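Asker: Using the sequences and the accompanying hints, generate a full structural model.
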Amino acid sequence: MKPLLSLQCKECDHEYPIEPRTVCDECFGPVEVIYDYGQLQDRFTRQLIESRPRNLWRYRELLPVDGEPRSGLQSGWTPLIPARRLAAELGVRELYLKDDSANYPTFSYKDRVVAVAVTKAIEFGFETVGCASTGNLAHSVAAHAAAAGLEAFVMVPHDLEEGKIVGTRVFGPRLVKIRGNYDDVNRLCAQIADKYPWALVNVNLRPFYTEGAKTHGFEIAEQLGWRLPRHTVVPVAGGTILPKIAKSYQELIRLGLVEDNKPVMHAAQAAGCNPIVKALEDEEDLFHPQKPKTVARSIAIGNPADGYYVMKAVRESGGWGASAEDAEILDAVGLLARTEGIFTEPAGGTTLAAAIKLIQSGRIPRDEPICVCITGNGLKTIEVMQETFTQAPVIEARIEAFTDLVESAREAQPARQPVTH
Amino acid sequence: MSITIQIPAALRPQADGQASLQLEGGTVREALGELKSRYPELGGRLFKSDNEVNRFINFYLNDEDIRFLDSLETKLKSGDELAIVPAIAGG
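Line by line, the protein sequences are chains W and Y. By my numbering, the letter at position 193 of the first sequence is numbered 193, and the numbering carries on one by one without gaps. By my numbering, the letter at position 82 of the second sequence is numbered 82, and the numbering carries on one by one without gaps.
By construction, these hints were calculated from the structure, which means they are not laboratory data. Quantities reported herein were computed from a predicted structural model and do not represent experimental measurements. Here a beta-carbon is modelled for each residue, glycine too, at the ideal position from N, C-alpha and C. Take these hints with a grain of salt, some might be off.
To be verified - Which residues of chain W face chain Y? A few of them, derived with a C-beta cut under 7 Å, are:
(1) D25
(2) F28
(3) G29
(4) N186
(5) A190
(6) V203
(7) P289
(8) A305
As the list claims (entries may be wrong) - Covered stretches of chain Y (in silico footprint by chain W; criterion: 3 or more residues with CB under 8 Å from a CB of chain W, positions within the stretch not fixed):
(9) 41-55
(10) 62-69
(11) 76-88
Said to hold, decoys possible - Per label pair, the in silico range of CB-to-CB distance:
(12) E26(W) x E64(Y): 26 to 34 Å
(13) S408(W) x L69(Y): 55 to 63 Å
(14) S2(Y) x A102(W): 54 to 62 Å
(15) A9(Y) x H158(W): 21 to 29 Å
(16) F389(W) x E64(Y): 33 to 41 Å
(17) R38(Y) x Q74(W): 49 to 57 Å
Answerer: Next comes the structure, spelled out in C-alpha cells:
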C-alpha cells in the first residue's frame, strides 16, 4: 500500500497518474500531489519521525517519492532560533527565525525543493535537470545535479549577482544568461520544456518540486515541540513556499501531530515587486503583474504563477501582507545580523521588514508566537550591503594606534548590552 | 492583419498538432476569437468566460505580456507574434 495516489488539478480536480507534468491539460491549472492521509493516520507518528536522521527526508511519507531518497540526504533540519534580542528590539513576546540561510548544500530554502525534484528526476529516468531561476534555484540545482551525476542546464536573468553566477558555475552546469527579467526566463523555460526531454524542476517536475517546500513548515512545528506558531511570515516570489507551509501545517493537524491553533499566514514582498501584497491590500481577486525593480533580486518575480494560492492561503487563514522599500530591506538585513548574528540576503531582509510592519500595524499582535522565515544567505549578495557601511579603519601595526582607535570609538558609541532572560 | 500564434504543446492536440499558425485579427481579442472559431475546443480552454481569459494562461505579444499592453484590446499589426504560454512557478 502506498499513500501516494495521484496528481490532481487544483482547479478542476482532473486526476493524472504520477508522471512529469507541467499543468492540467484540461484547464492549465497547477496539479498537486494527493496523498491517502487515512493510511498515514496511525503510521506516521512523532515517534517514527523523531527516530530518523535530522534531514528533510524524515517526513518522507508526506513527500512524493516512491523509493529511497536520491538527493539532499543532508538537506533541511535548519535551525529554528528563538530570537530573544530581536524580539526585545521589536517589542514582541515570542519570536522565532526559521533559518534556511544555513540550509545544505547551497544555503537557501531551494535545497528542499531540489532534493525532492532531483530524486523524482532520477525515478523518472531523466539524465538532465534544469530550471529557470533568480539565482538560488540555479545554485541548488547545479549542486544537487553534480552530486547525483546528472547534467544540469540552468537559465537565469542576464544581470544576476556575480556571487550567484560563480556559486552556480563552480558545479559545472550549462548556465545560460537570458536577456530580460525572471519572468522572461520563465516564459522561455516553459517553451524549452515543450521542446527538450529534460526535467526542468520548476516546470515539468513542479508538482513534486513544490512538495519539498512543506518540509520548512514540518520542521518549524517539530522544532517548536510539535506546536505551530500563531503567525508565520513568508516571502513571496513565484508563490511556492507560502501555500506549501500552510499545507504542511494542515497536514500535521489532520494527522493529529499538532493541535490546530488556527495558524495565520502573512505574505512579504519588496515594494518594487509586490503584485500579491498589492492585491491583498486592495482586496482584488486578480493580481496584476509588475516589472520588478528591487534590491531583493531572488524574489523579483512580477508574474507569480502560484500567486493565487498565496492570496487564498493568506485570506483563508486571516493573514495579511506587507511590502518593504529597498532601504527598509537593507536596514532589516543589518538589524537581523546585529541582533541575532544571521546574515540573510535581501529576500530575508524583506521578510523581516514586512514582519516589523505587520507588528507595528497590529496585524500581528505582540503577545502571540511569531515565526519569520529566512530563506536565503547574505554571503551570496554581499555587494548590496557594501554601500551601507563606512570605510573600516586602517591603522599601523602598533598598540598605540589601536588604543587611540578604541578609545575614540568608545566615546562615540556605547558598548552593546546583552539581553538577559 | 495577418499574425502568427504560437501554440504550447499542451494545446497542440486541439489545433491539429500545429506548433504555430497564421490568422487574421485587428486586436488580440479578435485573433483569439478567430482561433476559437477554428478550434472551439482549444478556444474553450483559453477563456473562462467571453470576457475573462483563463488566469493560468499568459499571452505574450512579441515577447511582452499583454497585461502590460492593452490586454485583450491590444492592437495587432501585420507580422506580430502572439505566444500562448502556461503560467509557471519558480524562483
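Asker: Checking each numbered hint in turn, tell me which of them this model violates, lowest number first.
Answerer: Violated hints: none; all satisfied.
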